[in-house]
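Use these hints to put chain B onto chain A, whose structure you have.
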Amino acid sequence: MIEIQDITFQYQKKPLFKDLEMTLKPGNLYGLLGKNGAGKTTLLKLCCGLLYPQAGRLSVFGRTPHLRQPAFLSDLFLVPEEFLLPPVSGALYRQMLAPLYPAFSAERFEAHLREFELELPGRLDRLSHGQKKKFLLAFGLATGARFLLLDEPTNGLDIPAKGQFRKILASELDDSRIILVSTHQVRDLEHLIDPIVILDSGKILFSQTLEDFSAHYSILHGELPDGAVVLYEEQVLGKSLSLVESEVPGALPLDLEFLFKAVTTHPDRFTTAAPVDAAGSTRKEVAHA
Amino acid sequence: MQFSDPRSIYLQLADAICDLILRGTYASAEKIPSVRELAGEAGVNPNTILRTVSHLTDQGILYNQRGVGTFVSENARETIMQQRKKTFLDEELTSFFKKIELLGIDFTDLAPLWSQWKAVRQEVRHENQ
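For the protein sequence lines, the chains are A and B, in the order given.
All residue numbers for the first sequence refer to the numbering used here, where the first residue is 24 and numbers rise by one.
All residue numbers for the second sequence refer to the numbering used here, where the first residue is -10 and numbers rise by one.
Each hint should be verified, as a subset may be incorrect.
Unchecked claim - List time: in silico DMTMM-like cross-link candidates among lysine to aspartate or glutamate, alpha-carbon distance up to 20 Å:
1) A:185 x A:138
2) A:58 x A:175
3) A:190 x A:175
4) A:190 x B:26
5) A:185 x B:26
6) A:190 x A:138
7) A:284 x A:234
8) B:20 x B:47
9) A:185 x B:30
10) A:190 x B:30
11) A:185 x A:213
12) A:190 x A:213
Stated by the list, open to error - The calculated label-pair distances, taken between Cβ atoms and stated as ranges, are:
13) B:75 x A:238: 24 to 30 Å
14) B:72 x A:93: 51 to 57 Å
15) B:18 x A:93: 47 to 53 Å
16) B:0 x A:210: 17 to 23 Å
17) B:57 x A:93: 36 to 42 Å
18) A:251 x B:75: 29 to 35 Å
19) A:271 x B:57: 36 to 42 Å
20) B:117 x A:238: 44 to 50 Å
21) B:72 x A:208: 32 to 38 Å
22) B:47 x A:36: 55 to 61 Å
23) B:47 x A:111: 51 to 57 Å
24) A:261 x B:111: 42 to 48 Å
25) A:126 x B:117: 49 to 55 Å
What the hints assert, rightly or not - If you want the footprint, here are the derived chain A segments under chain B, 3+ residues with CB under 8 Å:
26) 41 to 54
27) 182 to 191
28) 194 to 201
29) 215 to 224
Simulated from the structure, these hints should not be mistaken for laboratory data.
No residue lacks a Cβ here, since even glycine has one placed at the ideal position from N, Cα and C.
Chain A on its own, in the form it takes in the complex (with noise of 0.2 Å):
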């Protein structure tokens, strides 16, 4: 699990985070969404203890990220958007990196590659964007780390990439682990990330599963029902998009991209959303059935 309680941070005089509140459980796929500079990249540093925070408690499966313990730093892997690879082959990258993570497998590790159609490459300096962030996937999520945070994974990836990237995402979740996905390529990972965070000027607007989500609203396409409350409607092809209060039978499947406009134009319409710490509360056990 890992609580983040009234974390206060600022780069230089720019106040960034104040008493940030958010929790994380076990066997979730959270989808961090937020405008550019909303913090979703420092909120993922200050959870893998890149950043420290000035103030407020932050714990990571019961260890503090800044301490920087090997035993925090082996359950945990971070891709980060932008990164270099040094000058070595794949090989040897994997046999000098896997052994710090005491779950490493090896076979996912191959299993991986093989799904992104990467063979072990040679120099990885001298490999494109795309493939090196294959490559730290596919490496990364072979770590068996049970945090994993992967800030913009679908930047860079080509076309085939973008679904292979989602069958092994979606193969790597299970009940111990919690990855955190930020993104802003919403279609890309739509049906994938559930529950939904979204980050807004150092703030968190929304935090649910969409399963509680639909339970609470529905989106409807043309006319609506008598006494219907509506939170945010959107006009196209003289037809509206509607956001409305409640269960409604006939409802639209949730596109995330309606939901994050609908959010960040009116976060206070969503103030009676579920609580923060709620989000995960619902979900059953992933079992290895």
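Chain B only, in chain A's frame:
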């Protein structure tokens, strides 16, 4: 996997599993792949697959053997066919009737089209054999 219709993803996944049962890919009393494997194949959140499996279990199409896995029920095919017939008669047929009324099509005009369709279908089947 592509999700084209407006129903919940877990229901669309349930339909896909039912199709596999009808086609015999998953035989009755046979173990289906694990939640993780199914999630990997479809590229969707494993929690959604879990919901699909529990939905199909509630319907008596699948059953769970603790610690062993999820299996296809003995009478899964019949249950699925019954359900689909009911959905067709209750929902799809109504919208079909509405449409032919709206378009001013006489129901008796449809009989020759139906015979024609069946004949073509029979031919295709022969060719395939």
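Cross-check of the supplied hints:
1. A:185 x A:138: 11 Å, holds
2. A:58 x A:175: 12 Å, holds
3. A:190 x A:175: At roughly 16 Å apart (the allowed maximum being 20 Å), residue 175 (chain A) and residue 190 (chain A) satisfy the hint.
4. A:190 x B:26: 9 Å, holds
5. A:185 x B:26: Since the Cα atoms of residue 185 (chain A) and residue 26 (chain B) sit roughly 18 Å apart, the hinted pair holds (cutoff 20 Å).
6. A:190 x A:138: Given that 20 Å is the threshold and the Cα spacing comes to 9 Å, the pair holds.
7. A:284 x A:234: 19 Å, holds
8. B:20 x B:47: 17 Å, holds
9. A:185 x B:30: Between residue 185 (chain A) and residue 30 (chain B) the Cα gap is close to 14 Å, so the pair holds against 20 Å.
10. A:190 x B:30: Distance ~6 Å between residue 190 (chain A) and residue 30 (chain B) Cα, so the pair holds.
11. A:185 x A:213: Roughly 11 Å separates the two Cα atoms, so the pair holds.
12. A:190 x A:213: 12 Å, holds
13. B:75 x A:238: 24 to 30 Å: 25 Å, holds
14. B:72 x A:93: 51 to 57 Å: 55 Å, holds
15. B:18 x A:93: 47 to 53 Å: 49 Å, holds
16. B:0 x A:210: 17 to 23 Å: For residue 210 (chain A) against residue 0 (chain B), whose Cβ atoms are near 21 Å apart, the range 17 to 23 Å holds.
17. B:57 x A:93: 36 to 42 Å: With Cβ atoms ~38 Å apart, the hint holds.
18. A:251 x B:75: 29 to 35 Å: Hint holds: Cβ distance 30 Å, inside 29 to 35 Å.
19. A:271 x B:57: 36 to 42 Å: Check passed, 40 Å falls within 36 to 42 Å.
20. B:117 x A:238: 44 to 50 Å: 46 Å, holds
21. B:72 x A:208: 32 to 38 Å: Holds, at about 37 Å.
22. B:47 x A:36: 55 to 61 Å: 57 Å, holds
23. B:47 x A:111: 51 to 57 Å: 53 Å, holds
24. A:261 x B:111: 42 to 48 Å: 46 Å, holds
25. A:126 x B:117: 49 to 55 Å: 50 Å Cβ-Cβ, so the 49 to 55 Å window holds.
26. 41 to 54: holds (count 3)
27. 182 to 191: Holds, because 4 residues of the segment 182 to 191 of chain A bring their Cβ atoms closer than 8 Å to Cβ atoms of chain B.
28. 194 to 201: Coverage by chain B holds for the segment 194 to 201 of chain A (3 residues, Cβ < 8 Å).
29. 215 to 224: Holds: 3 residues of the segment 215 to 224 of chain A have a Cβ under 8 Å from chain B.
Checked against the numbered hints listed earlier, the structure breaks none of them; every hint is satisfied.
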